[in-house]
Amino acid sequence: MKEDHAGLEELYETYFNDVYHYLLYFTNNQSEAEDLTQDTFMRVFKSYHSFNHHSSPKTWIISIARRTAIDHYRKRKLISLLPDVILNLRRSEEGIPDEEMEKNEEWEVVQQALLTLKPDYRNVVILRGLREYSVKETAAILECKPSKVKVDYHRAIKLLKKQLGHSIGEAVLEHERKIQ
Numbered sequence: 004m005k006e007d008h009a010g011l012e013e014l015y016e017t018y019f020n021d022v023y024h025y026l027l028y029f030t031n032n033q034s035e036a037e038d039l040t041q042d043t044f045m046r047v048f049k050s051y052h053s054f055n056h057h058s059s060p061k062t063w064i065i066s067i068a069r070r071t072a073i074d075h076y077r078k079r080k081l082i083s084l085l086p087d088v089i090l091n092l093r094r095s096e097e098g099i100p101d102e103e104m105e106k107n108e109e110w111e112v113v114q115q116a117l118l119t120l121k122p123d124y125r126n127v128v129i130l131r132g133l134r135e136y137s138v139k140e141t142a143a144i145l146e147c148k149p150s151k152v153k154v155d156y157h158r159a160i161k162l163l164k165k166q167l168g169h170s171i172g173e174a175v176l177e178h179e180r181k182i183q
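Numbering (our numbering), first residue to last: 4 to 183.
Hints in this document: simulated from the structure, not taken from any laboratory.
Any given hint could turn out to be false.
[Said to hold, decoys possible] Label pairs and their computed distance ranges (CB to CB):
1) Phe54 / Pro122: 20 to 26 Å
2) Lys161 / Ala9: 42 to 48 Å
3) Lys153 / Tyr51: 31 to 37 Å
[Unchecked claim] DSSO-like cross-link-like pairs, simulated, lysine-lysine; straight-line CA separation at most 27 Å:
4) Lys165 / Lys151
5) Lys151 / Lys161
6) Lys121 / Lys148
7) Lys139 / Lys161
8) Lys148 / Lys164
9) Lys153 / Lys61
10) Lys139 / Lys164
11) Lys161 / Lys148
12) Lys139 / Lys151
13) Lys164 / Lys121
14) Lys164 / Lys151
15) Lys148 / Lys165
16) Lys161 / Lys121
17) Lys151 / Lys121
18) Lys148 / Lys61
Note that this is a predicted model, so its numbers are computed, not measured.
No residue lacks a Cβ here, since even glycine has one placed at the ideal position from N, Cα and C.
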């Protein structure tokens with residue numbers, strides 16, 4: 004029993020940041036990401052005995068996080084994916100250098116654009132583009148074929164490029180070239 008507890012504790016410590024950041028990108032809401040991370044690990048702990056080791060623990064846990072987030076949005080009957088935080092958030096220019104302020108504003112624009120993508124596209128962009136998972140890992144997490152990951156990613160980038168303008172879209176494409 005102590006071995007199981009130690010194994011679960013190790014899983015939590017090893018994958019907490021991956022799960023939290025995935026959910027933060029998915030929700031763009033710190034509070035929701037924290038709650039969903041907790042829910043994810045509760046599910047991981049409850050189903051640990053059924054983990055079959057056909058995939059890596061990371062893939063298995065991120066898959067659970069994905070399903071947890073989807074379940075959460077289904078339960079809420081999501082009206083809009085745009086959190087109130089973004090609508091109400093206006094950074095004070097005091098104490099924040101112009102360059103940092105600009106980066107924060109650009110990142111907010113990117114986050115808003117991500118939230119407008121359909122969930123399949125958003126998942127692929129988060130996993131491939133932001134979290135830098137391979138096509139194979141992304142396909143395993145999303146439980147789809149690698150070809151679907153490639154097509155969805157290409158389409159999502161095209162939509163983001165259209166929404167965000169040429170310069171930001173090009174930056175995303177350049178990032179993709181680096182991780183391939």
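Hint check results:
1. Phe54 / Pro122: 20 to 26 Å: holds (25 Å)
2. Lys161 / Ala9: 42 to 48 Å: holds (46 Å)
3. Lys153 / Tyr51: 31 to 37 Å: Hint holds: Cβ distance 32 Å, inside 31 to 37 Å.
4. Lys165 / Lys151: Holds. Lys165 to Lys151 sits at ~21 Å (cutoff 27 Å).
5. Lys151 / Lys161: holds (15 Å)
6. Lys121 / Lys148: holds (18 Å)
7. Lys139 / Lys161: holds (21 Å)
8. Lys148 / Lys164: holds (24 Å)
9. Lys153 / Lys61: holds (21 Å)
10. Lys139 / Lys164: holds (24 Å)
11. Lys161 / Lys148: Holds, at about 20 Å.
12. Lys139 / Lys151: holds (11 Å)
13. Lys164 / Lys121: With Cα atoms ~15 Å apart, Lys164 and Lys121 stay inside 27 Å; holds.
14. Lys164 / Lys151: Status holds; Cα separation ~20 Å.
15. Lys148 / Lys165: Holds. Lys148 to Lys165 sits at ~26 Å (cutoff 27 Å).
16. Lys161 / Lys121: Holds - the C-alpha atoms of Lys121 and Lys161 are around 13 Å apart, at most 27 Å.
17. Lys151 / Lys121: Roughly 14 Å separates the two Cα atoms, so the pair holds.
18. Lys148 / Lys61: holds (18 Å)
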